[in-house]
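Could you put the whole structure together from the sequences, leaning on the hints where they help?
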Amino acid sequence: MSQLRNVLWTHQGLSLPHNVTKETLDVLPGFQIRNDDVVVASYPKTGTNWLIEIVVKILRASGKTKESVDTMTVGAMELRRPTASQPGYVKLAELLSPRLLITHLPIQFAPKGISKPQNKVKVLVPMRNPKDTAVSMFHFSKEIVPMLGGNAYDLRWEDFVQDYSAGIVPYGDFCDHVSGWWQMRDDPHFLFLKYEDMKKLGRQEGTPLFKVDTTGILGRQEGTPLFKVDTTGILGRQEGTPLLKADTTGILGRQEGTSLLKADTTEILGRQEGTPLLKADTTGTLGRQDLLSAVKTIVTFLEVDLDESTVKGIAEASTFNNMKPDLDNAAAAERRHIARKGIVGDWKNYFSTEESEAFDAWCEKKLGGAGLTFDFE
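Numbered per the UniProt record's numbering, the sequence shown spans residues 1 to 377.
These are calculated hints, taken from the structure and not from any lab test.
If you're wondering where the values come from, they're calculated on a predicted model, not measured in any experiment.
For each residue, glycine too, the CB sits at the ideal point set by N, CA and C.
Incorrect hints may appear among the rest.
[What the hints assert, rightly or not] What follows is a set of in silico ranges between Cβ atoms, one per label pair, in the way DEER data are often shown:
hint, residue 1, residue 2, range
1, 32, 305, 23 to 31 Å
2, 356, 63, 22 to 30 Å
3, 316, 356, 32 to 40 Å
4, 183, 364, 16 to 24 Å
5, 365, 86, 35 to 43 Å
6, 356, 85, 37 to 45 Å
7, 63, 12, 39 to 47 Å
8, 361, 320, 27 to 35 Å
9, 159, 22, 20 to 28 Å
10, 352, 70, 37 to 45 Å
11, 369, 188, 18 to 26 Å
[Unchecked claim] Only pairs whose alpha carbons sit at most 20 Å apart, straight line, appear in this in silico SDA-like list of lysine to any residue:
hint, residue 1, residue 2
12, 112, 168
13, 122, 192
14, 142, 346
15, 366, 106
16, 312, 290
17, 116, 168
18, 142, 162
19, 112, 12
20, 122, 142
21, 366, 376
22, 122, 187
23, 64, 297
24, 142, 6
25, 200, 343
26, 200, 61
27, 365, 168
28, 112, 23
29, 112, 98
Listed below in structure tokens is the structure:
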């Protein structure tokens with residue numbers, strides 16, 4: 001049993017930290033949402049603060065606000081920060097528009113103006129694969145538990161991962177939480193963004209979709225060129241002869257008339273028989289999401305006008321390495337513990353084979369029919 005349980009309580013079957021009170025949950029459904037509110041609704045540790053940083057940068061660049069993240073946000077609206085005297089929603093009521101609201105509540109406990117938004121309300125929902133989310137929550141809990149009166153040194157991974165699967169962690173069962181919000185995916189007030197998609201690298205403009213597989217073309221040694229310069233008579237060449245000629249000294253033993261260029265399918269340098277000479281450039285294939293594409297999508301969703309240069313600047317400023325110093329020096333103490341590695345696949349360093357297989361079965365059972373899938377590496 002994880003020591004995290006010591007700082008949790010249960011409300012209608014939902015595990016919550018003690019700084020989310022019943023009194024708050026009773027009044028939140030009727031919390032007044034404004035027409036120009038922007039909302040981030042998320043399960044904890046799914047990229048919430050990354051998305052918040054991007055949204056605030058967009059709002060600032062478009063002239064919608066001059067506020068910083070620290071002055072525009074009050075944390076999740078349902079909880080009282082360890083350093084605050086009141087829950088977030090009280091402070092939100094005092095802020096000028098446009099406001100940026102944050103909630104980690106499942107959809108059934110969220111304010112009605114968020115779960116069923118009207119007019120121009122925008123709700124962004126970040127999502128992340130449950131294994132990396134679990135690892136991130138484990139480390140975050142070790143930092144936050146002492147602020148909530150618990151002992152972080154008693155928090156062991158083996159215990160935590162079992163409680164995570166059972167939903168005995170802040171904000172309850174991951175699968176129930178994300179599937180609840182996911183049911184709103186066809187509502188135009190909502191935008192869903194996957195952490196793993198935003199971490200993918202997009203191709204730079206002008207780079208090819210395919211690149212030459214240089215690991216074993218035509219039987220060459222690794223690193224040798226596909227073509228070589230004819231140095232036997234440059235400048236003395238007969239008119240019409242090429243400056244570059246193919247190395248025809250015995251490529252693949254080809255028969256007269258066969259193609260000069262063909263894939264060496266003999267499994268040279270690890271290439272499997274039948275694999276193509278040209279392979280996909282998997283650093284950013286067409287149609288795949290990446291951070292720049294995500295920023296463009298968010299700009300469009302928020303209905304603001306920004307030029308291409310500004311959008312690219314926001315994407316660059318929002319990379320993990322560029323954003324981490326801001327989080328590490330945030331005014332709110334709990335935000336300083338948010339940024340750790342910011343990678344996909346860190347779960348492999350924590351999950352045993354048995355734990356991983358159990359997680360897979362759990363997710364398949366819970367999400368198999370929801371049409372919601374995740375990338376795990």
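*Any hints this thing doesn't respect? Which numbers, in order?*
Those not satisfied are hints 2, 12, 17, 20, 26.
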